[in-house]
Amino acid sequence: MWNSQAEAISRDALAELQLHQLQRLLRRLTRVPFYKNALAEAGIRARDITSLDDLTHLPFTRKTDLRDHYPFGLLATPLEDTVRVHGSSGTTGRLTVVAYTKRDLRTWSEVMARTLAAGGVTRRDVVHVAYGYGLFTGGLGVHYGVERIGATVVPASGGNTLRQIALIRDFGATVLCSTPSFALYLAEASAEVGVDLYALALKTGFFGAEPWTEAMRSEIERKLGIRAYDIYGLSEVIGPGVSYECDQHAGLHINEDVFLPEVINPATGEPLPDGVKGELVFTTLTKQALPLLRYRTGDITALNHETCKCGRTTVRMNKVSGRTDDMLIIRGVNVFPSQIEEALLHVPGVSPNYMIIVDRAKNILDTLEVWVEVDAEAFSDKLGRLADLQRAAERHLYEIIGINAYIKLVEPNTIARSEGKAKRVVDRRDVYQIKG
Amino acid sequence: MKVTQVSAFLENRPGRLLFLLNVLADAGVNIVAHNIVDASDFGIVHLIVKDAEQALKVLREAGLTCSSSEVLLITIPDRPGVLVREVLTPLAEAGINIEYSYAYAAPQTHDARIVLKVNDLPRACDILAQFECPEAKPSQG
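Top line first, the protein sequences correspond to chains A and B. Residue 1 is where the first sequence starts when you use the numbering used here, and the numbers rise one by one after that. Residue 437 is where the second sequence starts when you use the numbering used here, and the numbers rise one by one after that.
Simulated from the structure, these hints should not be mistaken for laboratory data. One should not assume that every hint holds.
[Stated by the list, open to error] Calculated pairs, EDC-like style, for lysine to aspartate or glutamate (alpha carbon to alpha carbon, straight line, at most 16 angstroms):
1) Lys486/B with Asp514/B
2) Lys319/A with Asp430/A
3) Lys277/A with Glu262/A
4) Lys408/A with Glu394/A
5) Lys438/B with Asp487/B
6) Lys423/A with Glu369/A
7) Lys319/A with Glu369/A
8) Lys493/B with Glu535/B
9) Lys408/A with Glu447/B
10) Lys203/A with Glu219/A
11) Lys382/A with Glu506/B
12) Lys382/A with Asp474/B
13) Lys408/A with Asp474/B
14) Lys382/A with Glu535/B
15) Lys408/A with Asp462/B
16) Lys423/A with Asp326/A
17) Lys362/A with Glu219/A
18) Lys319/A with Glu214/A
19) Lys438/B with Glu529/B
20) Lys493/B with Asp326/A
21) Lys423/A with Glu341/A
[Stated by the list, open to error] To give an idea of the chain A side of the interface with chain B (calculated C-beta under 10 angstroms), a few residues:
22) Val374
23) Asp375
24) Leu386
25) Asn404
26) Lys408
27) Asn413
[Said to hold, decoys possible] Using C-beta positions, here's what the derived DEER-type ranges look like:
28) Lys493/B with Asp388/A: 22 to 30 angstroms
29) Ile472/B with Arg227/A: 30 to 38 angstroms
30) Asn448/B with Arg395/A: 17 to 25 angstroms
The C-beta atom is built at its ideal place from N, Cα and C for all residues, glycine as well.
One chain only, chain A, in its complex shape (with noise of 0.2 angstroms):
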């Protein structure tokens, strides 16, 4: 256990230690002006805090907020106090972006040091991180992780899967962090160049930004001749490192002194008990750059109070099991049908009738594809003109998604064929269904 004292508190002390920090974060929240307005609306001040069962009082931020404030606006810190910002996609073509003090970057290196650790990772390790580098939060997280621990880190970064399976083997990688789809793809790759992962030094590998199932798992460990942990983070409470997998891989633990967590009705905002699905929801305690109060993730799951076969006395939630939006998680890319839409109107030439299907070929690379109908005045005798048209499209939806779709040209009247409230998205992965 890398942090015995923050991982194995006892309830008493962790609860005690929650409701400090809570009530410390109150007083910080009150520098920004969104949310000084919310507590004043809601006639709550940082003294009126005395229970953590108070917490349900207290508003809720969600990810229009962020939009809303876009870029700084929630910023409880002044800026030159701000050492990093990061980004993932919002609803519409504006980034949801978040920020860094020193101290959070600390913070964050110290929640992967303990989700690595949970894993076996030590300072002997050698740990390939395969997820994208930039602002995506998903690379650089795990890598101050890796660092923390002491471990060596090669930066891999996403793409380039040949380069990857040489770096593997020629750095004799132990540790794999990447999106579990993609560990399936390096597993079809070797096998084609006739590398034998079996015969490299992988042992542990971490997985996460994409929902993923216990039947990947299994088909990951086998192919891949490693121990897969799930790992659980988004940008908005800190990136990876919210919650992970201890060997038992029995939920995953959440770093509960730094992450408040609860699951609500999502549709009353009621809290719910231990076992029972909704929505997650975080409360940043300790971050100061951008502290949340009562983040609604959109991710459905439900939590687990017993204490762990591990000794770890944290709470654990289960694997995600769907989300209360419409979001898309495709190669890890966060994806919301609004985007694509938004994407499509820029595109002259196409109607706005459109259909999003995301597959995942050979249960390995999730595909995107956007069916949309030929706008009929655009329509030419010329292939060619709908050949560019296509390209034109694709090229829009990648500047804005950040992941390349491929456009297919419809007849008319083949989308939204349904009466009443066209359905724009058909996922046929199964990436929700979880055993057990």
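Could you slot chain B onto chain A? The hints should help.
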């Protein structure tokens, strides 16, 4: 020789061409020539018909995306070298570009019909005036 060509967008899956041709058959539209170009997922069907207006109307009513364009329809003797010497060479020399073309032979008349989509229709018409096609007359604009 200048005729109206009807083009329709079709998804590349079984039954779509049949659907389109059925619409025309039901409306009594006679097809003089047709051609399909495909781009894996979809294709464009080009049609020379007796009554282009009527064809466009019924195809649109059937929910298909279509458009019309002017093309050149000529009849040339069905003999080796005629197309090269008497059609393509003069067009090339005049700097006229052929965007696409399709042809069909009519063995009983020893003629070949050729549809040409060009970038300068009036001049191409002048250059190829001698190859007037009899079938083209009814739908001439």
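Status of each hint after checking the structure:
1. Lys486/B with Asp514/B: violated, 23 angstroms
2. Lys319/A with Asp430/A: Within the cut-off at roughly 14 angstroms; holds.
3. Lys277/A with Glu262/A: holds, 11 angstroms
4. Lys408/A with Glu394/A: holds, 10 angstroms
5. Lys438/B with Asp487/B: holds, 14 angstroms
6. Lys423/A with Glu369/A: Satisfied, since the Cα-Cα distance of roughly 15 angstroms is no more than 16 angstroms.
7. Lys319/A with Glu369/A: violated, 27 angstroms
8. Lys493/B with Glu535/B: Judged against 16 angstroms, a Cα distance of about 26 angstroms means the pair is violated.
9. Lys408/A with Glu447/B: Status holds; Cα separation ~10 angstroms.
10. Lys203/A with Glu219/A: Given pair Lys203/A, Glu219/A holds - Cα atoms ~15 angstroms apart, limit 16 angstroms.
11. Lys382/A with Glu506/B: holds, 12 angstroms
12. Lys382/A with Asp474/B: At roughly 11 angstroms apart (the allowed maximum being 16 angstroms), Asp474/B and Lys382/A satisfy the hint.
13. Lys408/A with Asp474/B: holds, 13 angstroms
14. Lys382/A with Glu535/B: holds, 8 angstroms
15. Lys408/A with Asp462/B: violated, 30 angstroms
16. Lys423/A with Asp326/A: Cα-Cα ~11 angstroms, so holds.
17. Lys362/A with Glu219/A: Since the Cα atoms of Lys362/A and Glu219/A sit roughly 12 angstroms apart, the hinted pair holds (cutoff 16 angstroms).
18. Lys319/A with Glu214/A: holds, 9 angstroms
19. Lys438/B with Glu529/B: Roughly 20 angstroms between the alpha carbons, so the hint for Lys438/B and Glu529/B is violated.
20. Lys493/B with Asp326/A: violated, 40 angstroms
21. Lys423/A with Glu341/A: With a Cα-Cα distance of about 13 angstroms, the restraint between Lys423/A and Glu341/A holds, given a limit of 16 angstroms.
22. Val374: holds, 5 angstroms
23. Asp375: Result: holds, 8 angstroms to nearest chain B Cβ.
24. Leu386: Check passed: Cβ of Leu386/A comes within 7 angstroms of chain B, closer than 10 angstroms.
25. Asn404: violated, 16 angstroms
26. Lys408: Cβ of Lys408/A sits 5 angstroms from chain B, so the hint holds.
27. Asn413: holds, 5 angstroms
28. Lys493/B with Asp388/A: 22 to 30 angstroms: Holds, since Lys493/B and Asp388/A (Cβ atoms, about 28 angstroms apart) stay within the stated range.
29. Ile472/B with Arg227/A: 30 to 38 angstroms: Violated: the Cβ-Cβ distance is about 55 angstroms, outside 30 to 38 angstroms.
30. Asn448/B with Arg395/A: 17 to 25 angstroms: Holds: the Cβ-Cβ distance is about 23 angstroms, inside 17 to 25 angstroms.
Of the numbered hints stated above, those contradicted by the structure are hints 1, 7, 8, 15, 19, 20, 25, 29, listed in ascending order.
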